[in-house]
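Enquirer: Line order of the protein sequences matches chains A and B. Here the working numbering is used: position 120 in the first sequence is 192, and no number is missing along the way. Here the working numbering is used: position 66 in the second sequence is 80, and no number is missing along the way.
Be aware that a few hints might be false.
[What the hints assert, rightly or not] Taking lysine to aspartate or glutamate pairs in the EDC-like style, the calculated list, with each CA pair at most 16 angstroms apart, reads:
#1 A:Lys204 x A:Glu154
#2 A:Lys174 x B:Glu112
#3 A:Lys176 x B:Asp118
#4 B:Lys63 x A:Glu74
#5 A:Lys219 x B:Glu95
#6 B:Lys158 x A:Glu154
#7 B:Lys76 x B:Asp132
#8 A:Lys172 x B:Asp29
#9 A:Lys219 x A:Asp132
#10 B:Lys57 x B:Asp118
#11 B:Lys25 x A:Asp132
#12 A:Lys216 x B:Glu112
#13 A:Lys80 x A:Glu110
#14 A:Lys174 x B:Glu136
#15 A:Lys191 x A:Glu135
#16 A:Lys176 x B:Asp150
#17 A:Lys172 x B:Glu157
#18 B:Lys63 x B:Asp20
#19 B:Lys63 x A:Glu110
#20 B:Lys162 x B:Glu134
#21 A:Lys174 x B:Asp20
#22 A:Lys121 x A:Glu153
#23 B:Lys76 x A:Glu120
#24 A:Lys204 x A:Glu153
#25 B:Lys162 x B:Asp20
#26 A:Lys216 x B:Glu95
#27 B:Lys158 x A:Glu103
#28 B:Lys63 x B:Asp17
#29 A:Lys217 x B:Glu112
#30 A:Lys174 x B:Glu51
#31 A:Lys217 x B:Glu95
#32 A:Lys217 x A:Glu153
#33 A:Lys80 x A:Glu103
#34 B:Lys137 x B:Asp118
[Claimed, not checked] Each pair of labels, with its calculated beta carbon distance range:
#35 B:Glu61 x A:Pro213: 42 to 50 angstroms
#36 A:Arg157 x B:Glu35: 37 to 45 angstroms
#37 A:Thr215 x B:Glu51: 15 to 23 angstroms
#38 B:Asp17 x A:Glu78: 22 to 30 angstroms
#39 B:Glu51 x A:Glu108: 19 to 27 angstroms
#40 A:Gly122 x B:Asp17: 42 to 50 angstroms
These aren't lab readings, by the way, just hints derived from the structure by calculation. Computed from a predicted model, the values in this text were never measured in an experiment. The C-beta atom is built at its ideal place from N, Cα and C for all residues, glycine as well.
Below are the chains, spelled out letter by letter.
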Amino acid sequence: MELTREDKKILHRLQSNFPLTPHPFRTLAEELGLEESEVLRRTRAMAEKGIFRRLGPIIDTHEMGNTASLMAMRVPEGRIEEVSRTINAYTGVSHNYLRKGKNKEIPYNVWFTMSAPNKQELVRLIKEIEEKTGLEVRNLPTTKKFKIGVKFNIYSGE
Amino acid sequence: MADQTDIKLLKHIQDGIPLVERPYKEIGEALGMTEEEVISRIKGLLETKKVRRFAASVAHRKIGINSNAMCVWRVPSDRVEAVGKVMASFPEVTHCYERPTFPDWPYNLFTMIHGYADGECEKVIEEMKEKTGVKDYVILYSEKEFKKTGTRI
Chain A
73 MELTREDKKI
83 LHRLQSNFPL
93 TPHPFRTLAE
103 ELGLEESEVL
113 RRTRAMAEKG
123 IFRRLGPIID
133 THEMGNTASL
143 MAMRVPEGRI
153 EEVSRTINAY
163 TGVSHNYLRK
173 GKNKEIPYNV
183 WFTMSAPNKQ
193 ELVRLIKEIE
203 EKTGLEVRNL
213 PTTKKFKIGV
223 KFNIYSGE
Chain B
15 MADQTDIKLL
25 KHIQDGIPLV
35 ERPYKEIGEA
45 LGMTEEEVIS
55 RIKGLLETKK
65 VRRFAASVAH
75 RKIGINSNAM
85 CVWRVPSDRV
95 EAVGKVMASF
105 PEVTHCYERP
115 TFPDWPYNLF
125 TMIHGYADGE
135 CEKVIEEMKE
145 KTGVKDYVIL
155 YSEKEFKKTG
165 TRI
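Whenever a hint applies, use it, and build me the whole structure from the sequences.
Expert: Have a look at this one:
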């Protein structure tokens with residue numbers, strides 16, 4: 073989908089903060105100098121084309137009392153698909169990637185993030201994955217956050 | 015902690031609100047709340063930081079941000095604070111975290127970098143290297159995405 077100037081204007085606002093007003097699309101429209109119906113139509117079209125995944129709350133697991141961590145595993149080549157299926161079956165898993173080092177070899181290839189209601193439960197789930205797969209899971213929790221904010225520069229690709 | 019009504023509300027809207035003229039009214043009708051209460055509860059969740067943002071999650075690949083890299087750095091522990099701040103200040107860096115090290119894993123600073131053009135991430139990494147003086151790093155690129163969803167409760 074080729075985004076128009078108007079689409080980009082809307083998308084830029086949608087990824088920052090969506091108005092919490094009774095008529096949010098009207099609020100957006102007034103701000104951007106567009107018609108409410110146009111903002112709604114373009115937003116729906118972008119949702120349909122998958123330009124954005126969802127419009128809603130970006131939940132902070134830690135503030136919700138949950139705990140989350142990044143895990144890394146060294147999975148033999150022939151078992152990658154099978155092990156990934158085992159990992160993905162857990163609802164707490166939000167990301168799961170096969171990664172390779174570009175400039176250097178690294179000891180792990182499967183990387184996933186997992187959340188749980190508390191630390192003990194997370195540790196239990198890690199153990200469970202280790203038992204199911206017979207492979208070690210390296211737990212790499214965040215010790216300090218310097219930045220977290222996935223907002224993209226919608227315009228610089230022009 | 016969020017109360018039960020907040021949890022009920024978050025579970026209902028975590029995959030996205032309806033794209034209609036009055037989304038909060040529609041959500042309220044489904045949950046037996048008023049439009050006003052839905053709005054004030056979302057505002058409350060934002061104020062208490064249980065919700066980081068109320069917004070759209072952009073599928074960066076779909077808007078042409080095709081150059082992505084996770085870059086991990088080996089930073090001396092007494093420099094992590096300063097280096098972390100400098101790296102976080104790059105607009106192309108969307109995430110910057112410190113994580114523990116292990117005998118087989120000496121990299122303590124994790125950064126996610128997003129760029130439009132091919133090779134843009136490598137350019138940013140070069141700049142990060144120059145600005146911080148940290149030279150031991152690995153670029154981890156994703157060969158395959160097995161799963162990607164937002165954080166759900």
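Enquirer: Against the structure shown, which of the earlier numbered hints fail to hold, in ascending order?
Expert: 2, 4, 8, 10, 19, 20, 21, 22, 25, 27, 30, 32, 34, 35, 37, 38 and 40
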